[in-house]
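If you read the protein sequences in the order shown, they are chains A and B.
So in my numbering, spot 578 of the first sequence is number 578, and the numbers just go up one at a time.
So in my numbering, spot 350 of the second sequence is number 1350, and the numbers just go up one at a time.
Check each hint, because a few of them may be wrong.
Heads up, simulated SDA-like pairs for lysine to any residue below, C-alpha to C-alpha not over 25 Å straight-line [said to hold, decoys possible]:
| no. | chain 1 | residue 1 | chain 2 | residue 2 |
| --- | --- | --- | --- | --- |
| 1 | A | 616 | B | 1553 |
| 2 | A | 378 | B | 1380 |
| 3 | A | 469 | A | 497 |
| 4 | A | 235 | B | 1367 |
| 5 | B | 1616 | A | 576 |
| 6 | A | 170 | A | 229 |
| 7 | A | 457 | A | 414 |
| 8 | B | 1589 | A | 276 |
| 9 | B | 1458 | B | 1484 |
| 10 | B | 1575 | A | 517 |
Here are some chain A residues the structure puts well away from chain B; computed CB gaps all over 10 Å [to be verified]:
| no. | residue |
| --- | --- |
| 11 | 15 |
| 12 | 102 |
| 13 | 113 |
| 14 | 165 |
| 15 | 434 |
For the record, the hints were derived by calculation from the structure and aren't laboratory data.
Beta carbons: idealized from backbone N, C-alpha and C, even for Gly.
The lines below spell out each chain.
Number of protein chains: 2
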Amino acid sequence: MKKYENISFCDVDLKDGFWLKRYLLNKNVSLESVKNRFEETARFDALRFNYLKNGRKPHFFYDSDVAKWIEAVAYIMEKDRDSMRENEKFIDSLIDCMANAQRDDGYLNSTVQQICPDKIFKDRGNHELYCAGHLIEAAVAYDKVTGKHKFLDVMEKYCDCIYRAFISEKTADFITPGHEEIELALLKLYRYTGKKKYFEMARFFLENRGKHDEQYVYDGNRYGTQDDTDIYHLKEAVGHSVRALYLYSGVADLCAETGDPKLLSALTSVFDDIVNGKMYITGGVGSTFRTESFTVPYDLPNNTAYSESCCAIAFILFALRMRKIDFNAKYGHLIERVMYNSLLSSTDLSGKAFFYENPLEIALEEYGREIAVPESRKERLPITQRLEVFGCSCCPPNINRFFAELGDVIAFSDGDTLFIDQYVSSAVNSPLGRAEIVENYALDGKAQISSQNYVGKKLAVRLPEWSEKLVATSDGKPVKFEVKEGYAYFETGKSFSLQLDFGIKASFVAANPKVRADAGRIALTYGPVVYCLEGVDNGARLNRISVSADSAANAELVKDFHGLYSITTDGFIDKDNSALYFPVSESVKEPKRLKFIPYFAFANRGESDMLVWVRKA
Amino acid sequence: MKKYENISFCDVDLKDGFWLKRYLLNKNVSLESVKNRFEETARFDALRFNYLKNGRKPHFFYDSDVAKWIEAVAYIMEKDRDSMRENEKFIDSLIDCMANAQRDDGYLNSTVQQICPDKIFKDRGNHELYCAGHLIEAAVAYDKVTGKHKFLDVMEKYCDCIYRAFISEKTADFITPGHEEIELALLKLYRYTGKKKYFEMARFFLENRGKHDEQYVYDGNRYGTQDDTDIYHLKEAVGHSVRALYLYSGVADLCAETGDPKLLSALTSVFDDIVNGKMYITGGVGSTFRTESFTVPYDLPNNTAYSESCCAIAFILFALRMRKIDFNAKYGHLIERVMYNSLLSSTDLSGKAFFYENPLEIALEEYGREIAVPESRKERLPITQRLEVFGCSCCPPNINRFFAELGDVIAFSDGDTLFIDQYVSSAVNSPLGRAEIVENYALDGKAQISSQNYVGKKLAVRLPEWSEKLVATSDGKPVKFEVKEGYAYFETGKSFSLQLDFGIKASFVAANPKVRADAGRIALTYGPVVYCLEGVDNGARLNRISVSADSAANAELVKDFHGLYSITTDGFIDKDNSALYFPVSESVKEPKRLKFIPYFAFANRGESDMLVWVRKA
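Sequences are here, hints too, so could you generate the full structure?
Printed below as a string of structure tokens:
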């Protein structure tokens, strides 16, 4: 099995552009916003182990919340350690608390130790190994950037404890964790330390999964926590979608280590199952809030879409790992789709507030419909405005750490070829030389890629799914390229400068006819960006609106929305009628100019109806 | 306030035709099916008061289930006592049990007496007065047809007990019942016995409603049980829809007695609120299963429609009462709509099984979507096949008693005019003479109305909502008529024979653009009958199908479905595509011949997708 070298963010410098803005928003605003909310909600206190003193009860996932935030800070430190000096001190002090609180046997979990010390590794649902996984990831990142080993030492000691409890002494009451995450963390730790033991531990948790049915039936159901099958027989994406994607990411890491073709085949089957039937057009996944899970192919309700922000991140993590072991443009396509849509929608334009769920429709009338139903029993619908913190606030720090490692997704290399997967303005310091990407991709569909010191022979650029034709030039002259497996290959010399024009335009997309929720509907896209209608621009009850696919040809782009294009097109609105039912002949639709905005920017101007899939006129 | 004389079923003989078939199906099959299931499920045993002997625990609504069945038998006895001799004995024996079990103070409730005798009138949610109401209705009907007074005596003794507990001594722990029904029952008892006390009791329960807020907050909500407003200020239909419609029926009865214009105005406001925004095209009401309630105008989801069978009946009961105090064709329109659609759909074609909910869409894929969700937490959707009995089996005996009193809806008289509201083959023995109706209305849109001994001066026939033009003839010659307020008025002599042709045809109907669930969709109707697509005829995933409104012009009617028309039209089906999302230009719809069947007949050929509102091509 062949592997492809990912150019990590360590070797990438973001340059001015769409994504640097978001990187900086995360660094300068979101990170601090999450920190403040976590302080207010006693999440840091949890790891200060001062519950007895302040009485603010920690929750089973608090350690993981803090860990993700630390990991985010560590990644930012890699690029700009000075800006994080205060956070570094803050983290050092948390690490001291953790080290002090760690039990002699190495065990470390703020909730179990402070709330229910008799429950160590007794309850599979207690998120202990999930928290451990995130702490390990944070420790590796922090160790790497600071050279200070205390955190990693603590975590290695904890890993020894875990090893004894689950592998050598088997004192734990369960075999695999209820919420996956430690698997990919242990493989990361293995790669960082070189210690084979961590690889063994990861393999243990991965290979035991789906093999102990009787223990892991969740209310009559083995799918919820991916206990339905072992990793070598994975075929479909099932169960809690974040857990599933963390599992698949861990399996992909294992596959990268072992090169087992059976695992690769299982993983591609799962990946294809998602992108061919279980993914929203925004790249979001998870079609039901009930156990936050994958459902069946083509089941993609828009108003009750779960599409958790953590899923957007986890799906990118999975795709990125797949790209390293399976050369295919589909992974880059997916990452682009998620990044510009379900990932970006997770954060408001100010950077302070976040969505947990990212629905594709908001019909405010639905929120007030059940007037005679007690609050506690009303239909559950996604919230309509982003919040700064949640009771279960897994997404905000996950968003922090994703943006902090954003540069990971851009480039790969293989032999004499540098692959550009994502068009993000940056300098990529690859083994084949330094390449510069200058782009305004989401606005003009173009990118310039150049190098002065290239030692490779070819440059391959991913052809976006939405692009009908690539026009490549150099100094204004057409350049030839060969299209192979979704990439355009260019022969290069030591220095080159290529102008790529992917022919961006507004166009409407249809969904598979089996998708009931999207039947007879179309979605406006502009390159990688999915657009939506909002009530604030188009009036309430957006399902009265219809649009012809042809209208895209006359779409007008206006850069009026935070430097982004809004798109106006001709559409229609059904004329009001006083009757509840009437002959179709009395049904009238009137012309209406429609204003679309990027989906990711919805819900930034107060509560409003929103609709991605608009009725086709 | 003027009143209109309803020709009761006592004075109507059904004749061979569509509705007699259904009347006989109820009499010969449904009644027995319900009886058998009720025996099996210990419902009759409840009223035999032998829980201690057989250990089969009665439920709070068992008395009402049995009462409705007895009432049905009594109505059938009015027409054919001989056929019910066995049931009469059966009922007499039940009455003996009730008389024996009745407490000295008159109290009678099989559940409270046997399960929790300390709870008499302690808990508003225990359905005691609801059960009493249905028993009173049954007792009146049984007394009237048999002349045997034991049952009525028992109930009058119980009424004395209720009077003391709620009015004179006020020992009850609540003021008005949680589930309305006793109000209209007491008014029926008042009319039957002439005893003013029952009128006072009814008025007490009606006029105290909505006046005791603090007591009647249901989980933070006063709407659920119509405790939000008093009856003189009713404006909108709210809360549990069956309870609401029973309440409105009781209020209409009160209004008929008092002639209070404020009540009439409140009632018309409520009626209009329903038919203008809260009613499915089938006449079904109740848009959410959560507290089985009305929601807000235009909120009419199809796949999760509650549209309880009891609501269909209760809505007819309400409309019929309104028609007696408010001359308006809309009440007849509503009754027709309900009868041919949401009422008929409640029963399968064999007469044995019943729907509790009557959805307007079944998408089987939705039922299996949440594979990773434990059974207990899956999304709740209506059942897809009728059942012979339910845990809460209020609908089947309600259906029994409605069909048994079916003839009530046909005609009214006022002064010198006989009004024909419903076209049902029958002989109507009105104060103005005997009129015969011969029709095949649902198949040909025609009816013949004749009389040989008419002493009135005019005949008025309701012009159906769906009819664009009435052609009236006598002996093949055109007859003149005057159209006024939705009725066609004919001058008559002592004998007449009118042929009415309402111009039935297949045509598509649209819904108000505010109805989100029906946006861009149309429903096929044929006269009073709403049609639907079923998967068994058209393949699964019916939302792939679209149809042009024009196609109705070329619709082909085939009498191939239990003597009913199926309607075939030209339509389209979206062509399958392997991609999940693709440019609209790749979207292809192919011609497909569509087969529609009457909505009420859906789910008679096994589990199948079903769709009323089809995408407009």
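Given hint residue 1380 of chain B paired with residue 378 of chain A - CA-CA distance at most 25 Å: Distance of about 13 Å is within 25 Å: holds.
25 Å Cα cutoff - pair residue 1458 of chain B, residue 1484 of chain B: Status holds; Cα separation ~13 Å.
Assertion that residue 102 of chain A lies outside the chain B interface [Cβ separation over 10 Å]: The claim holds: residue 102 of chain A sits with its nearest Cβ about 36 Å from chain B, beyond 10 Å.
Given hint residue 1367 of chain B paired with residue 235 of chain A - CA-CA distance at most 25 Å: 22 Å, holds
Hint consistency between residue 1616 of chain B and residue 576 of chain A [alpha-carbon to alpha-carbon, up to 25 Å]: Answer holds: residue 1616 of chain B to residue 576 of chain A is near 18 Å, not above 25 Å.
Assertion that residue 113 of chain A lies outside the chain B interface [Cβ separation over 10 Å]: Holds, since 31 Å exceeds 10 Å.
10 Å cut-off, C-beta based - residue 15 of chain A kept clear of every residue in chain B: 31 Å, holds
25 Å Cα cutoff - pair residue 170 of chain A, residue 229 of chain A: 22 Å, holds
Hint consistency between residue 1589 of chain B and residue 276 of chain A [alpha-carbon to alpha-carbon, up to 25 Å]: Since the Cα atoms of residue 1589 of chain B and residue 276 of chain A sit roughly 21 Å apart, the hinted pair holds (cutoff 25 Å).
Holds or violated: residue 469 of chain A to residue 497 of chain A, with C-alpha atoms at most 25 Å apart: 19 Å, holds
25 Å limit on alpha-carbon distance, applied to hinted pair residue 457 of chain A and residue 414 of chain A: 11 Å, holds
10 Å cut-off, C-beta based - residue 434 of chain A kept clear of every residue in chain B: Given that every Cβ of chain B is farther than 10 Å from that of residue 434 of chain A, nearest at about 36 Å, it holds.
In terms of the numbered hints stated before, the structure departs from none.
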